[in-house]
Amino acid sequence: MMLPNAVPVSWYLILSAILFSMGVAGFLIRRNIITVFMCIELMLNAVNLSFVAFSYELKKIDGQLFTFFVMVVAAAEAAVGLAIILTVFRHRMSLEIDDVSSLKN
Amino acid sequence: MIPMPNLDVLGFLVLATFAVLCGLSVILQKHAVASALSLVGVMGSLAVLYLMLGAEFLAAVQMIVYAGAIMVLFVFVIMLLNSGSERPAKARYFAYLVGIPSLLAFLGVISFFILKELPNTSSVQFGAFTQGGPAPVGRLLFTQYLLPFEVTSLLVLIAIIGAMVLAKKEID
Amino acid sequence: MDFFLVSLIKIVVVFGAFMTTLAYLQWVERKVLAHIQLRLGPQRVGPHGLLQPLADVIKLATKEGLIPANVNTFFYILAPFLAVSLALISIAVIPFGPEIELFGVRTNLELTSLNIGVLLILAISSVGVYGIALGGWASNNKYSLMGGLRSSAQMISYELPMTIALATPLLVLNTLDLRQIAERQGGGWFWNWTAFSYPPLLFIAFIVFLISAFAETNRVPFDLPEAENELVAGFHTEYSSLAFAGFFMAEYANMVTITCVSTTIFLGGWHPPFPAPYSNFVPTALFWFFGGVLLFHGLTQPARRWDRFTFPAFGVISLGLGAIFLLAATVLPIIGQILLPVFWFVAKVGLLLFLFIWVRGTLPRFRYDQLMRFTWTFLFPVALGCLLLTGLGVALFG
Chain A
249 MMLPNAVPVS
259 WYLILSAILF
269 SMGVAGFLIR
279 RNIITVFMCI
289 ELMLNAVNLS
299 FVAFSYELKK
309 IDGQLFTFFV
319 MVVAAAEAAV
329 GLAIILTVFR
339 HRMSLEIDDV
349 SSLKN
Chain B
48 MIPMPNLDVL
58 GFLVLATFAV
68 LCGLSVILQK
78 HAVASALSLV
88 GVMGSLAVLY
98 LMLGAEFLAA
108 VQMIVYAGAI
118 MVLFVFVIML
128 LNSGSERPAK
138 ARYFAYLVGI
148 PSLLAFLGVI
158 SFFILKELPN
168 TSSVQFGAFT
178 QGGPAPVGRL
188 LFTQYLLPFE
198 VTSLLVLIAI
208 IGAMVLAKKE
218 ID
Chain C
7 MDFFLVSLIK
17 IVVVFGAFMT
27 TLAYLQWVER
37 KVLAHIQLRL
47 GPQRVGPHGL
57 LQPLADVIKL
67 ATKEGLIPAN
77 VNTFFYILAP
87 FLAVSLALIS
97 IAVIPFGPEI
107 ELFGVRTNLE
117 LTSLNIGVLL
127 ILAISSVGVY
137 GIALGGWASN
147 NKYSLMGGLR
157 SSAQMISYEL
167 PMTIALATPL
177 LVLNTLDLRQ
187 IAERQGGGWF
197 WNWTAFSYPP
207 LLFIAFIVFL
217 ISAFAETNRV
227 PFDLPEAENE
237 LVAGFHTEYS
247 SLAFAGFFMA
257 EYANMVTITC
267 VSTTIFLGGW
277 HPPFPAPYSN
287 FVPTALFWFF
297 GGVLLFHGLT
307 QPARRWDRFT
317 FPAFGVISLG
327 LGAIFLLAAT
337 VLPIIGQILL
347 PVFWFVAKVG
357 LLLFLFIWVR
367 GTLPRFRYDQ
377 LMRFTWTFLF
387 PVALGCLLLT
397 GLGVALFG
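Chains A, B and C, in that order, are what the protein sequence lines are.
Numbers 249 to 353, taken from the working numbering, label the letters of the first sequence in order.
Numbers 48 to 219, taken from the working numbering, label the letters of the second sequence in order.
Numbers 7 to 404, taken from the working numbering, label the letters of the third sequence in order.
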């Protein structure tokens, strides 16, 4: 197999798109709240990769700073989200999203 | 003589394959701990990709914050609740028949446009862009992005308080 | 090609020395604990039990590697691998000495130099919890699960004061490269070391770092993940044979790494505590002193029968080592440039390791709520205060 001589930045962007789509797919097909939450983290990571790739392409580090902020927000989100999950589990004894549907009809 | 493969290319291909496999594992594993560990794999390979893109500080932060703190928190909560494997879902024909094909179509369109609109992106070489060290990142963070930085710290404070209030057991 | 050859030699030497240290650290720990508790410790295998580590390795390697029923086999096997390999990585960025010139090759006494070395060590230590948490979870045993849970909560909590205490000297040193960190503390008396600058702020940071290091390595008094009188053996209850050896080795490797890090960042790395021409003779004086004491005791008042032969033998070895260091300090600077810095580095690391063992022999274990309250209401605010005051000091006087 012939390997190309260099990796263009666009490949990184495509990898980012693939990972993002996986996150969306997992978000759609999974039923466990924690796994759904992890799929959101996967999407955030995919977006981070494209920020860093653009930062390389433009030779400016602003993109890396956006990633930094995304990470901090993700940390805050994880803390609050997991606390909510704990509360939900304490009330319903279940982690399935389908069980948390008292507001439906 | 066998031509030595370019390490930038080889590294990217190996890491990208690993990241995609781990990503698939995140969404296909039945047990949440396995998903979490696969997500740590994705994050690890992304950290090395950040290194190749010259973002060394970010790579370290990715490992410390994402893999070392956020995911440990996930694993902790999964182990604490210890709810076992996910029960097999009722077949969701809508998700499988419409969602997955449209997702693949979305992916194809995105990749097509990336390759079409950005045909001449610069090629990635390790060490070609060295502005991602702690010093330049810190300088920019505390000058141009000072306000977002402060706002984020406030957000984190609110999140800490919120998490404490939510997770606290009611004293009966 | 020189670079690869030199790197290979360094890797072999450092890896061999590291592994030997890990094996003998366990012997030293058993001996020191024994003497704290007025026992003798290992005595049977070799003189004074010196071959005990070898016997332990053979015993662990030849035991049956049992995989219990109903465990998650993949993660059960992955966990010790993860623990031990993550624990062994960090030694690669630790500098043991200055740049040396040997046979016309200039090289640094370390495996690799990173300009984000401190961050790498933090990253690896923060990922290290997975080995323990995963091992505890995959064992499918309630004690193991409790151990894994405790360890992940404890390590997340103590990582905060540890990181902040580690950031405090970085304000003064202004770099993340461990080699530069060590170099900037040298060239004089011990009050140039970071632990003693801006007194007493950085010394408090050093103490906070040490306390968190005890928790990060799961050592007494913070060994709740394996608290044997509550949890059988905690996260490694179900492990046997080489998998258990992996966890065991990871614990000692973490201990060595964290003491190396605190030596490099707080205690001046390889620099002697006072200036060069006099400090060069300290190793000789120490070794000769020990050799003399050993010879005297062995020849005049041996407490046991075998001491009559072993003590004089050790004494002669010690005198010989002293002579080598004397030669290195005076007529053979080519050896001296390696031996003397490495001696000081190893001496400081050894003192800190002794502190770890000493504390294990002295302090009782914390209760779990005490552990959490201690870090969140005491250690973390203290570390934060140190950081802020040091920042103020650097801004005003730096």
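Check each hint, because a few of them may be wrong.
Said to hold, decoys possible - Capping the alpha-carbon separation at 20 Å, the derived lysine to any residue pairs in SDA-like fashion look like this:
#1 C:LYS65 - C:THR27
#2 B:LYS77 - A:ILE345
#3 A:LYS308 - B:LEU187
#4 B:LYS215 - C:LYS65
#5 A:LYS307 - B:PRO181
#6 B:LYS77 - A:VAL328
#7 A:LYS307 - B:ARG186
#8 A:LYS308 - B:LEU193
#9 B:LYS215 - A:PRO256
#10 B:LYS163 - A:ILE345
#11 A:LYS308 - B:PHE196
#12 B:LYS215 - C:TRP382
#13 B:LYS77 - C:TRP382
#14 B:LYS77 - A:PRO256
#15 A:LYS307 - B:PHE173
#16 B:LYS215 - A:SER342
#17 A:LYS307 - B:ALA182
#18 A:LYS308 - B:LYS77
#19 B:LYS77 - C:ASN146
None of these hints come from the bench; they were simulated from the model.
Against the structure, the hints come out as follows:
no., hint, verdict
1, C:LYS65 - C:THR27, "holds (19 Å)"
2, B:LYS77 - A:ILE345, "holds (15 Å)"
3, A:LYS308 - B:LEU187, "holds (11 Å)"
4, B:LYS215 - C:LYS65, "violated (48 Å)"
5, A:LYS307 - B:PRO181, "holds (16 Å)"
6, B:LYS77 - A:VAL328, "violated (25 Å)"
7, A:LYS307 - B:ARG186, "holds (16 Å)"
8, A:LYS308 - B:LEU193, "holds (17 Å)"
9, B:LYS215 - A:PRO256, "violated (49 Å)"
10, B:LYS163 - A:ILE345, "violated (40 Å)"
11, A:LYS308 - B:PHE196, "holds (18 Å)"
12, B:LYS215 - C:TRP382, "holds (16 Å)"
13, B:LYS77 - C:TRP382, "violated (36 Å)"
14, B:LYS77 - A:PRO256, "violated (36 Å)"
15, A:LYS307 - B:PHE173, "holds (13 Å)"
16, B:LYS215 - A:SER342, "holds (19 Å)"
17, A:LYS307 - B:ALA182, "holds (16 Å)"
18, A:LYS308 - B:LYS77, "violated (41 Å)"
19, B:LYS77 - C:ASN146, "holds (17 Å)"
Going through the hint list in order, the structure does not satisfy hints 4, 6, 9, 10, 13, 14, 18.
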